[in-house]
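**Q** Sequence:
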Amino acid sequence: MKALVVYYSQTGNTERMAENIIRTLEDRGVEVETVSIERSEEKSYDTNVKGAKKRVKADIEPTKTNLRSYNLLCIGAPVWSSAPATPVNGYLARCSGVDGTKILCFASHGGGGPGDTFEIMKEKLEEKGGEVIETVALSSQRVSFEEGKKETREAVEKLLDKVSS
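Numbering-wise, full-length UniProt numbering puts 87 at position 87 of the sequence shown, and it's gapless, one number per residue.
Misleading hints may appear alongside valid ones.
Straight-line C-alpha distance at most 20 Å; calculated SDA-like pairs for lysine to any residue [stated by the list, open to error]:
1. 128 / 4
2. 128 / 118
3. 149 / 30
4. 2 / 33
In case anyone wonders, no lab produced these hints; they're calculated from the structure.
None of the values given here were measured: they were computed from a predicted structure.
Work the whole structure out from these sequences, hints included.
**A** Below is the structure:
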């Protein structure tokens, strides 16, 4: 089984979640590749938040967007104004080959919960034929604590169990 873990992280919280997901997948014998989404240009915090509300698709650096060779996709975003960060919107607009792929969406947030983040990500991924199986969101305060790591591991294990059955 082959998985791609794709994420954007501005402060490191979503990256820490991605690292935990990668470890869990590898512990279960899954071959993993990783893509860290990079913005083409930096914007101010206010511009980012306003853009997220409007579902703006940020320009991103060229990266792997054809997902045809993966069984699993784990895609993560920080939550900005109850929506995925604009670089993730940009990635979702560009990715292809998602049809039939089983997906875990993950998000980190400042304490207000994921808002509409997963609904937006799910809509975009399912338009392309993907199937969102699991989601997990953690506040920035819980990302590095054992409880948060456990919650993330459990979401990955549920995804793998559903794919295997």
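**Q** Now tell me if each hint is right for this structure.
**A** These are the hints, each one checked on the structure:
no.	hint	result
1	128 / 4	holds, 16 Å
2	128 / 118	holds, 15 Å
3	149 / 30	holds, 19 Å
4	2 / 33	holds, 8 Å
Hint violations for this structure: none, all hints satisfied.
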